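Trainee: Once you have looked at the hints, place chains E, G and H on chain F.
There are 4 protein chains.
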Amino acid sequence: MKIREFRKIALKYKTVFFDAYGVLKNYNGHIPGVEDTLKFLTDNGIDFYILTNDASRSPEQLADKYIRGGIAQITPDKIISSGMLAREYLQYKIKPGSTVAYLGTDNSAHYIESAGLETLSIYDLSLDNCEHISAVVFLDDEGFDWNHDINKVINLLRLTNVPVIIANTDIAYPVSKHQISVAIGGIADMIEEIVGKTFIRFGKPDAQMFMFAYETVQANRNIKKNEILMVGDTLYTDIIGGNKFGLDTALVLSGTTLPHMAKIKIESSGIIPNYVCESVLT
Amino acid sequence: MKIREFRKIALKYKTVFFDAYGVLKNYNGHIPGVEDTLKFLTDNGIDFYILTNDASRSPEQLADKYIRGGIAQITPDKIISSGMLAREYLQYKIKPGSTVAYLGTDNSAHYIESAGLETLSIYDLSLDNCEHISAVVFLDDEGFDWNHDINKVINLLRLTNVPVIIANTDIAYPVSKHQISVAIGGIADMIEEIVGKTFIRFGKPDAQMFMFAYETVQANRNIKKNEILMVGDTLYTDIIGGNKFGLDTALVLSGTTLPHMAKIKIESSGIIPNYVCESVLT
Amino acid sequence: MKIREFRKIALKYKTVFFDAYGVLKNYNGHIPGVEDTLKFLTDNGIDFYILTNDASRSPEQLADKYIRGGIAQITPDKIISSGMLAREYLQYKIKPGSTVAYLGTDNSAHYIESAGLETLSIYDLSLDNCEHISAVVFLDDEGFDWNHDINKVINLLRLTNVPVIIANTDIAYPVSKHQISVAIGGIADMIEEIVGKTFIRFGKPDAQMFMFAYETVQANRNIKKNEILMVGDTLYTDIIGGNKFGLDTALVLSGTTLPHMAKIKIESSGIIPNYVCESVLT
Amino acid sequence: MKIREFRKIALKYKTVFFDAYGVLKNYNGHIPGVEDTLKFLTDNGIDFYILTNDASRSPEQLADKYIRGGIAQITPDKIISSGMLAREYLQYKIKPGSTVAYLGTDNSAHYIESAGLETLSIYDLSLDNCEHISAVVFLDDEGFDWNHDINKVINLLRLTNVPVIIANTDIAYPVSKHQISVAIGGIADMIEEIVGKTFIRFGKPDAQMFMFAYETVQANRNIKKNEILMVGDTLYTDIIGGNKFGLDTALVLSGTTLPHMAKIKIESSGIIPNYVCESVLT
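Same order as they appear, the protein sequences are chains F, E, G and H. Here our numbering is used: the first residue of the first sequence is 498, the next is one more, and so on. Here our numbering is used: the first residue of the second sequence is 498, the next is one more, and so on. Here our numbering is used: the first residue of the third sequence is 498, the next is one more, and so on. Here our numbering is used: the first residue of the fourth sequence is 498, the next is one more, and so on.
If we strip away everything but chain F, and leave its shape as in the complex, we get (with noise of 0.2 Å):
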């Protein structure tokens, strides 16, 4: 397996897709010197975009944290996040003025109002008045009572017949350098698994998330399949979705995947990047 120089590796590309966590930043932040590769691309006519597994916040939000922690080039519109897809679901499937159901903070819900949606979240929700929910979306882990509410959404679930949307598919999600902690995809499996019913995923590696990303580049620039290079620290997220949509990929070292490790998953897993690269600072 060799290792390869992610700047020069990049210079084939015309677009850059990262993964956030892992790669662009960690536990601490951003990761020192993302800055100066985000400005070599920029300055060789690259454009990039985040592609992130996050409902939490939105696009502006999220942008913010970057620009704060000193990443000026890291506007909103460089921001693809999983939420979007669930906002275009909404759009697209629910009636203007419905109300939806939803796990998450305030923050979250801006995914459903942005889509011209009232929100309730399941916190505030009463079983006995809960005939005009159109939808139910669990957007973050956070900004509600885990027990008192995922029993409250399983129950609403077989009371009501609605779609249910996953606006985040991550089972788990670091919060320090050794801990974890339960993400809202996770507690979307388990509350699938008992009420039996189909609930609708967006995020990696689901094509529609590439396909929405894509879609974004396009309304900017011509550009075509094999001019993107989507680089990402997961294996089974940002890799396999990247391959599957028919994008190049490069796997960074710098998060979940680790180096003494990366030969014998890829391996075992037969999901091959096109390149491997220590991080995205060399």
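Hints in this document: simulated from the structure, not taken from any laboratory. Accuracy of the hints is not assured; some may be wrong.
For chains that are exact copies, the list does not tell them apart, and a pair is met inside one copy or across any two.
Derived DSS-like pairs: lysine-lysine, alpha-carbon spacing no greater than 25 Å straight-line [said to hold, decoys possible]:
| no. | residue 1 | residue 2 |
| --- | --- | --- |
| 1 | K674 | K760 |
| 2 | K592 | K509 |
| 3 | K674 | K762 |
| 4 | K760 | K694 |
Computed from a predicted model, the values in this text were never measured in an experiment.
Mentor: Chains E, G and H in isolation, oriented as in the chain F frame:
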């Protein structure tokens, strides 16, 4: 599908194994008339035992609820709970005097204490001081803070490599006529998926539960498998488990398997009880 | 559950996507009267396409069967098969001129050849000489010896680390009024479990199939997602896939979803079509 | 991870349960020196039994292979095969004289015949005349035409509702130093997914296999669980199964668990043997 009278069928056997919920009791407490059926069995020299996926209370506490509800015949020695199998595992596999961490109430911790082990609630455990933990047991969905303690046990299992025992495989249980709650087995499935380890599960339909009951019966009375009838309301636990162990089985329609769905469920699942009865009252 | 007339509904859209089996054809060939419905659509300026999980034949061969069956309107350009997505993947990700091994008939290998690649049937492959294989594609359940070649492909995947592409996700398909056969997607699931690698799958309900069709439509006519109706007989592929992609959906009861089970299946699955119609003939 | 000498450990126990493949034998036949270890056990008053997921041959035939290979100590009474559990199931649950259909060789059908039942190979069965079938048993991956007979048994299970018994849960098995073959358990998983019914499986790691062996031992010698050592090469069957049943366990590194991967596999799986030994020869 022929509906049979329960008492007529029971007369063919020397021992009856009952599931509890949906058979002897429901959301309102025990089903009126059950005490007469149990008396009928005793009068005819037929033993009975209750096989229940429950580790929330000791057999003494479980029996006490029946007795206070008016069914004096259900003494602690009649109860075989999945918690008893977890206790047996701990007795065989964990060194006496070791400390075992658990998710559950103080009542549920009885199954650890009575195995001669020290208990430590996940609620009280500190991740900075967890090297002395010898096993983790999932006992009950109550007695802890779901958000905080589910994440804590996940991080505990990433820090230490110890056996994880699930003392109740059920993923949900009824709490009222129309509502259910996540059971500890459902929480365990989510955590197992996230940490990627293999947990040890006790409870129907697993053969070990039936074997444990069978050995309990043998200690009192020499009996063969084909002299035992397993009675339950759920095809996927009571009936398939009883069938696989070699027992005759009776499905009752007083619980999760609704009368108008019984035929279609038997045919679509391929899980075939020897008999179908309205309830144990007939 | 209201049963609607298909033609009245179709008039609200500019384009219709049809599933093939259970909608336009069945075990006897095409369903009599389908040609009138297609004519009705064309007369009213409504385009149509067929989205089919099939990689056994080229679009030309698939269309030819319709035409010889009396439906002259189904020309090759109307057909979107999952094999076409596998071909697109190969074009993007496999170096031109490479050799790709496959399970399937000679007809199915068309999807590899037309991507500018050399083909090698697993039947003809020798495990002693397999280093030159660049990918393995599962195309069809016919054209090979199941016992010998399923074991051969398993051992090939243990010897070499190459991408594995499943060109049809279906696990079974009807072969006569009452009989079904294992489809290549079912064989692929078994092999994936045994080798422990992650395969790349194409076909409904995956979003990439709908996106491919959508892009095909766009090339001819500027159209929005909400101007397209997806019509299918299977909730778990056609309807959930269409819904997730943002299309309106119509379930027809002429195939796998039997009329007396439709309501219960929609409620138990939570997969909710916009419309339910007896068939496309109404 | 400390590597222990097998013989020293064995001396602490009264009975040893051995897995067969990877422990006592491999692709070349039995492992040279095994006969000395078995003699050592016998000389020290330690009983031994072989627990094997195998229904392809009777215990007599399995023992005969060992004896002809030079290990005279492995007599039929030393062998506990998963086929014997399937036979026990049939004896308890299927009416004597009934006809049972099977996938497998004539040799494997022994397990049905010796239960006092008529056998009918799926190969010879006609779907037009299948009402008299009382059960279907999956015994071996040989003795039938995979393509034709896998499809036939699927359609049989759609026509009739009878119990389906899988007499070997393994999904694959080694056929030479570097090659494996699909086992009947792998074929059964595929068919179960397609027909949507719940099959009954026998074999490690299921508790019923260990219980059957335990009862066999008890018939000869009064012994407790903690006087038995389970020895195997596979964490996911031998070790987790032994642990769950309450036995002490020893992992040997002469089979599927390679020496350089043992530590990482134990830590990532959470399946913890009491001992790790190079092989049973030490």
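Trainee: When the structure is checked against the list of hints, which entries are broken? Sort them ascending.
Mentor: Violated hints: none at all, because every hint is consistent with the structure.
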